[in-house]
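K.L.:
Take a look at the letters that make up each chain.
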Amino acid sequence: MGKYLKTADTDWYKQRLTRVMLCVAGAFFILLSRLFYLQVIEGQELRRLSENNCIRLQSTDASRGMIFDRNGILLVDNRPAFDLSIILKDAKPVDCTIEKLGKLINVPVSELMKKIGHNKGLSSYKPILLKQDIGRDGLAAVEVRKFDLPGIVLNIKPRRHYIKTQSAAHLIGYLSEINSDELKSGKYPECKGGDLIGKFGVEKVFERFLKGKRGGRQVEVNVMGQVVKVLKTVDALPGQNIYLTIDYILQKKAEALLEGAAGAVVAMDPETGDILVMASSPSFDQNAFVDGMSHKQWESLISNPLRPMENKAIQGEYPPASTFKIVTAIAGLEEGVIDENTTINCPGYYKYGNRIYRCWRHGGHGSVNIFKALAESCDVFFYQVGQKLGIDRLAFYAKACGLGSATGINLNDEAAGIVPSAAWKKRRTGIAWQGGETLSVAIGQGYNLSTSLQMLVLTSALANGGTIYKPLILESVKTVNGDIVIQSKRQVIGRLPASKKTLAIVQKGLWEVVNSPKGTARIAHIKGVDISGKTGTAQVVGRHNEPNLSEKDMPDHFKAHAWFVAYAPSVNPQIAVAVLVEHGEHGSSAAAPIAREIIRTYLEKDEYVRQLKAEISKQ
Amino acid sequence: MFDRRFVKYFDWGFLGLTFLIGLIGLVTLYSAVASATPTPQKTLYFKQIIWYCIGMTGMVLSFLINYKSLYRWSPAIYAVCIVLLISVLMMGKYVGGARRWLILGPFSIQPSELVKIAVIISLARYYSKFSDTRGFSLRELFTPLILTAIPFILIVKQPDLGTAMVVVLIAGFMTVFVKIERRSLLYIITACAITGPLVWFLLKDYQKKRILTFINPDRDPLGAGYHIIQSKIAIGSGMIFGKGFLKGTQNALSFLPEQHTDFIFSVLAEEWGFVGSVVILFLFLMFIIWGLNIAYRCRDPFGTILAVGITAMMFWQVFINVGMAMGLMPIVGVTLPFISYGGSSIVSIMICVGLLMSISMRRFLIE
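If you read the sequences in order, they're chains A and B.
The first sequence begins at 315 in my numbering and counts up one residue at a time.
The second sequence begins at 278 in my numbering and counts up one residue at a time.
These are computed hints drawn from the structure, not numbers from a lab.
Any given hint might turn out to be false.
Stated by the list, open to error - In silico DMTMM-like cross-links for lysine to aspartate or glutamate, where the CA-CA straight-line distance does not exceed 20 Å:
no. : chain 1 : residue 1 : chain 2 : residue 2
1   : B       : Lys486    : A       : Asp549
2   : A       : Lys841    : A       : Glu918
3   : A       : Lys518    : A       : Glu496
4   : B       : Lys486    : A       : Glu504
5   : A       : Lys527    : B       : Asp482
6   : B       : Lys406    : A       : Asp325
7   : A       : Lys784    : A       : Glu504
8   : B       : Lys524    : A       : Glu365
9   : B       : Lys520    : A       : Glu365
10  : B       : Lys456    : A       : Asp323
11  : A       : Lys527    : B       : Asp497
12  : A       : Lys406    : A       : Glu457
13  : A       : Lys506    : B       : Glu535
14  : B       : Lys456    : A       : Glu365
15  : A       : Lys543    : B       : Asp497
16  : B       : Lys520    : A       : Glu918
17  : A       : Lys543    : B       : Asp495
18  : A       : Lys328    : B       : Glu458
19  : B       : Lys345    : B       : Asp577
As the list claims (entries may be wrong) - Quick list of the computed label-pair ranges, beta carbon to beta carbon:
no. : chain 1 : residue 1 : chain 2 : residue 2 : range
20  : A       : Met427    : B       : Lys324    : 37 to 43 Å
21  : A       : Lys527    : B       : Gly382    : 40 to 46 Å
22  : B       : Tyr483    : A       : Gln446    : 44 to 50 Å
In this text, a Cβ means the ideal position worked out from N, Cα and C, and glycines have one as well.
Make a model of the complete structure from these sequences and hints.
P.N.:
Structure representation (structure tokens):
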């Protein structure tokens, strides 16, 4: 440091401190001036505004995104609804106001008072909801007498409207009031108590797109709580619109065909994985959830033995029965246990150890090769293939075909099904695998469980030459202006463990199921379109206890589940379908016709276009 | 051992001033929490009294310590505080999307409050060591920059923008006090003038929006903008003599956000009016001038700069908090010393009071 510099000494600090004190005093002068301005100059005006807490916030709900099908048919939208609330502090006197209001909208005063009673503890400037959705007459009555009803507030709220009642209800899901656990979870940061959020299906999974962003207004109100001036407005941002891969024409058809039965129909485009149909029967009314359901309604929904709240397409697990023979056939061919020339004699039963395993046809199928075995669903043939493969090789192929694990569809609560193996059984029951159990598994019985969606994905892969696509329900997300936010792309998630040759053999077998004179699904044959498929009849546990009952006398809940998986056209397929009818008894009679009608609806283009036009013109 | 000068030079006036402001703080807090709807939070009031007791212990301890030993201990104190800040980021409690609290048994502490003291002590050590009348050059300011930047970044990460800003402002106040070399000051100003707009262009849209809202709360009429309006109404409606104790309506109806912490001045101004507000502001001004006077009379550079730093902290918190409540300043979470609810804030302020008294009393002890 240069000589001319002094080290800082006490005097130097004192000099600087004096300046600091001046600065501080200056800063406090600014504060005091502002205080003077607010409390003395503006005081009168600000006191007036404080008197009634005149400046208030009112929130405006965002309108939730709409839901369309793949062709732009509107499935879900919003309609304006008027909610009636009261602000206790403004409604003086409360009793008198409520009495007048009760008369106007024909609601007993006691009921309105009860609503208030629940909320007595709340801040009295917070609106308390008296009645939702008062309807046009109520609206007119209240609007006219507005000045007689201090503290009564009418809010327009967009209300969810499920246009196609009961249609695709499980897929689309529903809205319901957010509960305290969800509020605390932190997953809904912009929600407050009383908000409606998606609770199930697409409404839940795509909540973030559909929701939009709440807006609000800063308003000045008069003594009666009525808005005299809007100070500032923040517009609500509407939610984004969702286009599903669903084809409503087919969906409607599937639901009509399932009417009265319990079961599921799923269909997809084998080349993209787009889910065209996802129907689960019986269905439920989504609007009832929005309007608020009585306890009794809810009870009857969840106690219904046909489980209307379950999406049977992804949550229902059933033995795949003979549809599993597709897997057994692939495994047998790939492992060299059989080839297209192998023939086995079916006398109608197969003896293994000291037990007899029956073929479904008592007289037997005679000499059977793989094509005939698939076409006529010969159990004995597949018993032997299964036995030669052993359970673990069979399980390997089943898993590689996508069974035993969720397909990954973008919906909650998808079931995984079960692909049994020796290790699995040991783990689950502690008992070693029995050789005979392999035979049951080979024909899709035993511990085997699959969902309709899993069988559909498998069938689609078989149809398209072996590529397993992820099943998609979302086609695109668009803004209200139509700009694309997200466009789904097909996603390959695996390949069938089968060579071209093997696939060709199994495909031919499935073609014969529908098209050969003795095929089990001749009923599914339609002129002009080649359909390939596989039937299945899943035994229901408990049936063996009553061996003497004939098929006709069997109580419904012991009847077998009917399966049919199919794709069409057999070459260059455009659609794959899986049908499951609970207790439908025979795949051929209960399930195959449903699949046939859906394929017919989709592939007979003239009729399809006519229906589509009719549907669009309704909008 | 015991020096009779301890009694003679004890700063009774400063202690009295502290107690007076503390008492007003407790009365105001009572009003803020007692009438809050829907649920009065009286437990907070009793908690605050307990914090005051703990703070008083801290004050006595920091008073008994010869402040000069802090010179030696300052690196250790700084290191401990930084470790605390890092552990907050790693295992702090989430409250409203931010991690600011460390749970230590029955207490939750906010290390960012203590960090302010650590930064003040460390800067006082550095500046007292190298200070000369020419001022500090850019190169010499590198160490203080690092000492400030580390806690600043850690606190911004929590995120607690208000406290982070206060740390920078305190450091700035102290640096300007010890003087920056004229040429270096020019460099700093030009550098800021050039990089400022550059940074602005690099920011993403949502970041720009956040900054604009921060500067001008009116851009967010449903959030910050509304709070400011309510706060201004509360203050203004107090008029000259106020509405009276426990009579504030804005407060009682939860129109004010954070009425017992960040917006407590509005409660006070509404109930006690212009007269009451001037009194409390005057007491704060007196406290700050008193602190600066302690620095003035201290004959040891370390003590002087330490006292200036502590006073700077008081000044900024009062200025920002009151300015914010009156709509003069962006909305940031800065507590009003002695008055806002908050254990760590009270304890750290009481420690500061103890330090100031320690400096004041030892002004004649020359080693």
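K.L.:
Would you mind marking each hint as holding or not holding in the structure?
P.N.:
Verification of the supplied hints:
Taking the CA atoms of B/Lys486 and A/Asp549, the gap is about 16 Å. The hint holds against a cut of 20 Å. Restraint check: the Cα-Cα separation between A/Lys841 and A/Glu918 comes to about 11 Å, which is no more than 20 Å; the hinted pair holds. Of the supplied pair hints, the one linking A/Lys518 and A/Glu496 holds, its CA atoms being roughly 12 Å apart against a limit of 20 Å. At roughly 19 Å between alpha-carbon atoms, B/Lys486 and A/Glu504 fall within 20 Å of each other, so this suggested pair holds.
Only pairs whose Cα atoms come within 20 Å are accepted, and A/Lys527 paired with B/Asp482 is accepted, the gap being roughly 18 Å. About 17 Å separates the Cα atoms of B/Lys406 and A/Asp325, which keeps this hinted pair within 20 Å; it holds. Using a Cα cut-off of 20 Å, the hinted pair A/Lys784 and A/Glu504 is violated, with the two alpha carbons roughly 32 Å apart. A threshold of 20 Å between alpha carbons decides the hint, and for B/Lys524 with A/Glu365 the separation of about 12 Å falls inside it, so the pair holds.
Of the pairs offered as hints, the one joining B/Lys520 and A/Glu365 holds, with about 11 Å between alpha carbons and a cut-off of 20 Å not exceeded. The hinted pair formed by B/Lys456 and A/Asp323 meets the criterion: a straight-line CA distance of about 13 Å does not exceed 20 Å. Distance hint between A/Lys527 and B/Asp497 is fulfilled; the C-alpha atoms sit about 14 Å from each other, no more than 20 Å. Between A/Lys406 and A/Glu457 the alpha-carbon distance is near 18 Å, which keeps this suggested pair within the 20 Å criterion.
With a CA separation close to 19 Å, the supplied pair A/Lys506 and B/Glu535 stays within the 20 Å bound. With a C-alpha separation of about 50 Å, the suggested pair B/Lys456 and A/Glu365 falls outside the 20 Å cut-off, and the hint is violated. Among the hinted pairs, A/Lys543 with B/Asp497 is consistent with the structure: their alpha-carbon atoms are about 18 Å apart, no more than 20 Å. Using a Cα cut-off of 20 Å, the hinted pair B/Lys520 and A/Glu918 is violated, with the two alpha carbons roughly 81 Å apart.
Distance restraint check for A/Lys543 and B/Asp495: the Cα-Cα separation of roughly 17 Å lies within the 20 Å cut-off, and the hinted pair is therefore satisfied. With a C-alpha separation of about 19 Å, the suggested pair A/Lys328 and B/Glu458 falls inside the 20 Å cut-off, and the hint holds. Of the supplied pair hints, the one linking B/Lys345 and B/Asp577 holds, its CA atoms being roughly 9 Å apart against a limit of 20 Å. For the pair A/Met427 and B/Lys324, the beta carbons lie near 38 Å from each other, so the given range of 37 to 43 Å is met.
The hinted window of 40 to 46 Å between A/Lys527 and B/Gly382 holds, with their beta carbons roughly 42 Å apart. Distance hint check for B/Tyr483 and A/Gln446: the Cβ-Cβ separation is about 35 Å, which falls outside the suggested range of 44 to 50 Å.
Violated hints, listed in ascending order, are 7, 14, 16 and 22; each of the other numbered hints is respected by the structure.
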